[in-house]
Amino acid sequence: MSAEPTLTETARVGDPSDLPPGGSGRTPARRGIRIPRKLWLPWLLLTPALGVLGVLLLYPLYRVGALSLQEYRLRNIVTGEVEWLGIDNYREVLTDPLLWKVAFPNTAVFAVVNVALTVVVGTLIALLLARVGPWTRGLLTSAIMAAWAVPAVTGTYVWVFLFDSRAGLVMHVLGDLGLVDPDTTNWFTERLPFYGIATLNVVHHGFPFVAITVLAGLMTLSREVMEAAIIDGANAWQRFWYVTVPLLKPVFAVVTILSTIWDFKVFTQIYLMPGGDGANRDVLNLGTWSYITAISQNNFGLGAAIAVLLTLLLLAITGVYLRVLFRQEEL
Amino acid sequence: MSTIAGHRTISGRVWTAVAVVAVLLFSLFPVLVMVSTALDARANAGERNLLPTDFSLDNFSFVLDEGGFTTYLRNSIIVALATVLISALIALLASVAVSRFKFRFRTAVLMMILIVQMVPLEALVIPLFLQAKSLNLLDHLFGLVIVYVAFSLPFAIWTLRGFVAAIPLEIEEAAYVDGASWPRMFWSVLLPLCAPGLVATSVFSFITAWNEFIFAITFLDDESKYTVAAGLRQFFTQYGTNWGAVMAGSTLITVPVMLFFVAVQRRLSSGLVAGAVKG
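Line by line, the protein sequences give chains A and B.
Every number in the working numbering is 1391 more than the matching position in the first sequence, counting from 1.
Every number in the working numbering is 1412 more than the matching position in the second sequence, counting from 1.
Read the hints as simulated data drawn from the structure, not as lab findings.
In this text the structure is predicted, and so the values were computed from the model without any measurement.
The beta-carbon is built from N, C-alpha and C at its ideal position, and this holds for glycine as well.
Take the hints with a grain of salt, since some may be wrong.
What the hints assert, rightly or not - Quick partial rundown of chain A residues pointing at chain B, CB under 8 Å, derived from the structure: (1) Val1473; (2) Trp1475; (3) Gly1477; (4) Ile1516; (5) Ala1534; (6) Phe1552; (7) Ser1556; (8) Tyr1682; (9) Ala1685; (10) Ala1698.
Stated by the list, open to error - Here are the computed lysine to aspartate or glutamate pairs in the DMTMM-like style, where the Cα-Cα straight-line distance is at most 20 Å: (11) B:Lys1545 <-> B:Glu1635; (12) B:Lys1637 <-> B:Asp1466; (13) B:Lys1545 <-> A:Glu1472; (14) B:Lys1514 <-> B:Glu1582; (15) B:Lys1545 <-> A:Glu1483; (16) A:Lys1429 <-> B:Glu1635.
Chain A extracted, bound-state conformation (with noise of 0.2 Å):
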C-alpha cells in the first residue's frame, strides 16, 4: 500500500473516469471533468456488510474477550450479575495440566503434521493432474471435487464406521488377516490411533483445495521455463525443486498458510468422533475443549478463556498469511 494517493479525496480506482452527479445521470459523462466525488457511496454500500460483521462477528469476538475474565454460569444467565475475576480464568487454563499435556500437543502437533500431509499429497496430486491428457484430466477433476464436497460431518461418519470395532470394514479386514484382535481392539480410546484416524480425514477434506490452487499455478508457467531447463539437462525433480517451487512460492505459501489455519481450528473432526465429545479427555484439542467446558457444562467463563488463548494462536498465524500476502502485491 506504498502508492496510494491523498486519501482524503475519493477518486475512483484505475483511470480518470467519473460517476455521473446523483440526479442528473442524463449528461453524458465528460472524461476527465467533472468528478463529482460521492463520499458516502462506498460507505453506503458497505453498511449492511459491516453491520453485519460487527454485530456477529466483531460484537461477539469483544464479548468473549469479557467472559474469559469473567466467572459466568447458568445462574448469571439467570440473573444477568456480572462477577469479575481478573485473570483467573486464564490462571486455571494455563496451570492444568491437561492442557500442556494434551489439549495443546493435539491441537499443534495435530495441524503441524496434517499441513505437512495436505500440502504434499495435494501438491503430488496437482503435478499429476499436470501432466496427464485432458480427458484423464477432467475425471480426476471431478473426483477431487466429489472428495472435496463431502461434508466434514458425514465424511467424518465414514471414517468411525470404516474403523468402527465392531462393525468396521478396516477391522474386519484386518481381523480376517489375523493382524488385529477385532473383540479387544478399539482405535478410538487411544490417542494416537485417534488422531491417526483423525489425520486421515482432515487430510482427506483438505487436499482438494490445495490441487486444485496449485494446479492453477502450474498452468501459469510458460513452457518456455520449462524448455529452457529440459535443455540444460535438469532431471523431474531439478525441475520441480529449482523452478516450479521457486516460481509458485507464493502459491505454496497461500495454500500452506490456508491449510494451517484450518488445521487448527478443526472441531468438528474431532468433536463427532467417538469419545471426541469429552467422554475421553485424552482427546480433548483447545476447540472441542473450549466448546465442551462452556457449552456442555456451562462454565462460560473459563471457555471463554480457552477459545480466547485458541483465538490468540491463530491470529499470530494470520499475522504471518498477511505479511506474505502483502509482500506479493498490493492488496
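Following the hints, complete the assembly by docking chain B onto the known chain A.
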C-alpha cells in the same frame, strides 16, 4: 507441458496410470462406502462388504419417514437458500465498494475482512449462544441464517472483489454515456458481469450453511427445527449405532452437494484462483 510428456518412457506411463487409479480410489472411497452401506438392508448385520449384499432402499425410507429427514432436509434447504441470497447481495455491494472506490480506511476494511475469517467458530459460539438465548433466537431457523450469512461474507467479499476488479471501467463508462444512473449501471452492467463470481461464492455460502454443525447442534434443541447435520446424531444411541440409517442420511446430505460441486467445478476453481492466488 506436452513436449515434456513426449519424453516419457513406458515405465513412466505405468506409474502415471497407477497414480491415477490411486487418486481416484482415495478421492471416492469414502463416498462409495457411504452409498453402498446406505443401499444395503443388512448394513447393521455385522457383515462388511464393499458392495451391498442385500440391495434395497429400506434405509432411505426409514430415514425419511421415521428418521424425520423430510423435515430436516426442508429446514436445511430454507436455511441454505436464505443464506445464499442474503450473503450474495450484501457481499456484492461490499465488493463493489472495495474494488471500485478509493476511500479512507479502505485498507483497514480489507484487513478486517481477512482477519475475521481466521476467527475460530469455537470462540464465537459461546457469546452468540448467550446472545441468541437472551434474544430468544434459539430454535429459530432465522437465528442460524444470520449467523451463516456472517460466516460466509468474508470469503464472498474477498472472492467477488477479484471479479468486480476484472470488469473494465470502460464498460461502466459506456453505461453512463448512455445515460444510466449508478444503480442502473450496477443492475445492468456489474451484476450480470459478476455472475460467474456469484456462482462460485454462492456455492460456498450454500455449503457453509448446509454443512455447518457446531451452531446447528448448539442453537437447535427442538427436533422439528433440526437441520440435516444435527438430525444425523439421533441414529447414535446408547444401544448402538444404526449405521444403515447414518449412511442413508449422509448420502442424502452429501450427494446433492457433490453433484452441484462437480457441475460448477470450472467456475468454482476459477473463482477460487481469483480469490486465493491473486490474494
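**Prompt:** Of the numbered hints stated previously, which ones are contradicted by the structure, given in increasing order?
**Reply:** Of the numbered hints given earlier, those the structure breaks are 1, 2, 3, 7, 12, 15, 16, listed in rising order.
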